[in-house]
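Protein chains in written order, with our numbering: chain A, 1 to 275; chain B, 1 to 313.
Rather than coming from a laboratory, the hints here were simulated on the basis of the structure.
Even for Gly, the Cβ is constructed at its ideal location relative to N, Cα and C.
Check each hint, because a few of them may be wrong.
Unchecked claim - From the structure, some residues in chain A lie toward chain B, with a derived Cβ separation under 8 angstroms: (1) P111; (2) M115; (3) G118; (4) Q122; (5) P126; (6) L132; (7) G133; (8) G138; (9) Q266; (10) R268; (11) L271; (12) V273.
The residues making up each chain are set out below.
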Amino acid sequence: MEELLTVGEIQEVAHRLRRRTLDMIWHAQAGHPGGSFSLAEILACLYFRVLRIDPARPDWPDRDRFILSKGHAAPIYYVTLAERGFFPPEVLKTYDELDSILQGHPDMHTPGVDMSSGSLGQGLSPGIGMALGARLRGKKFRVYVLLGDGEIQEGQVWEAAMAAAAYRLDNLTAIVDWNKIQLSDFIAKAMPMDPVPEKWRAFGWEVRECDGHDVASILGGLEELQRVQGRPGVLLAHTVKGKGVSFMENVPAWHAKPPNEQEYRQARAELAVRR
Amino acid sequence: MPDPMAMREAFGQSLVRLGKRIPDLVVLDADVAPSTRAVLFAQAFPERFFQVGIAEQNMIGMAAGLSTLGFIPFTSTFACFVKRDLDQIRIVVAQPRNNVKITGHYSGLLAGKTGKTHLSIQDLAIMRSMPNMTVIAPADGVEVEKAMEALVAVHGPAYLRLGRDPSPVIFDAAYRFEIGRAVQLRDGGDVALISTGIQTPRTLEAADLLKSQGISALVLHVPTLKPLDVDAVIAAAERTGLVVTAEEHSILGGLGGAVAEALSEHRPTPLARVGIRDVYAESAPNDALLHKYGVTARHVAEAARSHLTKWRR
């Protein structure tokens with residue numbers, strides 16, 4: 001970034017990401033609103049403060065890497081990439097259409113997307129490969145992997161968690177969008193994962209928790225984890241699925257449902273008044 | 001014929017030779033390096049060798065991540081366990097065309113005394129069904145070496161099928177391997193024997209048996225299952241009018257499947273498939289398995305003879 005955004009400005013970006021994501025899902029009549037809205041502040045912090053990236057050079061070898069392991073949050077990911085200048089905002093209208101560069105789930109052929117994802121549980125492993133590659137190449141970039149809290153039910157996540165600690169990858173940061181809901185139900189009912197922090201700690205990770213809708217809290221957690229040496233760090237971000245839209249918040253049914261016209265208007269109105 | 005050589009020895013030695021020349025070559029192993037001989041690379045280049053433990057899914061993902069930085073990762077596990085990673089291969093290797101070279105060791109029946117869990121007889125069919133994937137089954141140690149040379153020279157996902165035990169060497173140092181090119185090893189006019197992988201030495205034996213019975217068999221070796229050398233398959237069919245495929249693999253979806261698809265579209269030709277007939281195998285010594293599951297040289301020769309009888313006489 002040419003100029004560092006303030007905490008308040010990053011919060012503004014997050015509100016804008018939610019509005020544009022709603023528009024995009026409404027336009028495409030497809031996409032995952034619940035798990036997109038829970039990510040707005042996290043993605044705003046990453047793309048408008050934390051990540052060392054250059055939208056003009058998406059393949060810049062020294063850039064920080066980002067993997068959206070919970071690939072179903074593609075709508076807000078694409079909105080973020082467009083907002084940051086990786087491709088023009090008009091492209092968002094092609095989401096899920098034939099021949100679009102925007103697949104329903106992230107694809108490496110899209111500018112700014114560092115790894116394909118969409119089948120859950122897979123993103124942390126390529127993140128380890130990138131972090132090891134940085135070490136082999138003597139590069140200073142960091143790798144960030146964003147996971148869903150339901151996603152960490154996948155066994156591969158724990159294979160990867162074990163390996164990242166074994167390789168002492170302090171250039172790798174995982175973020176868990178801890179919104180407590182998965183596709184079918186509340187996680188506590190579908191397949192309880194508690195105690196989440198203790199699990200990561202037991203696997204050798206440095207753990208921080210934050211309010212995933214509070215910009216200062218997210219930035220503070222990430223900064224602390226960046227200073228940890230000799231092991232990977234995970235930020236457990238307490239979030240609300242469907243955040244910002246009253247009738248979507250904490251309702252499992254809004255995992256992958258586009259709104260109808262009345263719902264769209266109400267959601268748009270609620271998101272518009274947010275400062 | 002030179003002494004038999006295990007493909008895995010050729011694999012380990014080739015990794016070391018290529019590793020000397022290519023600083024970006026890295027190897028990831030899921031706790032089988034002593035068996036696959038990837039251990040030779042681990043000893044030569046410890047900083048470029050990653051022991052991932054018994055975690056094949058994580059291994060494929062790590063390899064994909066390394067490949068995005070320009071590394072050329074080879075992954076090492078048994079062919080039967082490559083099937084644990086199919087979704088990872090699909091999502092982070094095949095779809096984005098990442099430059100990961102997946103090796104499946106102890107393939108086919110010649111991993112005797114391990115049982116049906118460890119005998120991999122579907123890997124060619126499964127890997128062949130993946131878009132963007134190159135699929136190679138070398139016939140011997142020499143071809144393993146040549147195939148690996150060729151694989152590191154091209155960018156893109158690939159699956160390399162390898163065997164465990166010493167097997168006959170049919171190629172010499174002058175052999176020229178090319179991805180996507182089949183090799184005619186014998187000319188003949190009565191029937192075309194098309195084979196792949198470690199089945200090819202047995203197919204050459206079958207051609208000898210047929211010759212002693214007055215039958216002239218063309219032998220086409222197809223090391224690259226995908227992309228298939230369709231022209232060579234059609235040419236063999238046109239030359240003989242009768243085709244027999246032979247593979248140490250299921251008759252469904254592997255070489256037999258690929259040849260059937262190509263011929264039925266381009267040059268319909270009576271076809272017989274020798275291979276494992278849609279069953280799982282079992283624990284037994286190699287020779288007993290080859291015999292029971294019908295892939296010895298004698299089985300190939302017999303299939304060719306009855307194919308001739310059925311269609312010519």
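Tested hints:
1. P111: violated, 14 angstroms
2. M115: Result: holds, 7 angstroms to nearest chain B Cβ.
3. G118: holds, 7 angstroms
4. Q122: holds, 6 angstroms
5. P126: holds, 3 angstroms
6. L132: This interface hint holds because 6 angstroms falls under the 8 angstroms limit.
7. G133: Where the cut-off is 8 angstroms and the nearest Cβ of chain B is about 4 angstroms from G133(A), the hint holds.
8. G138: violated, 12 angstroms
9. Q266: violated, 36 angstroms
10. R268: At about 34 angstroms, which exceeds the 8 angstroms cut-off, the nearest Cβ of chain B leaves the hint on R268(A) violated.
11. L271: violated, 32 angstroms
12. V273: violated, 40 angstroms
Of the numbered hints stated above, those contradicted by the structure are hints 1, 8, 9, 10, 11, 12, listed in ascending order.
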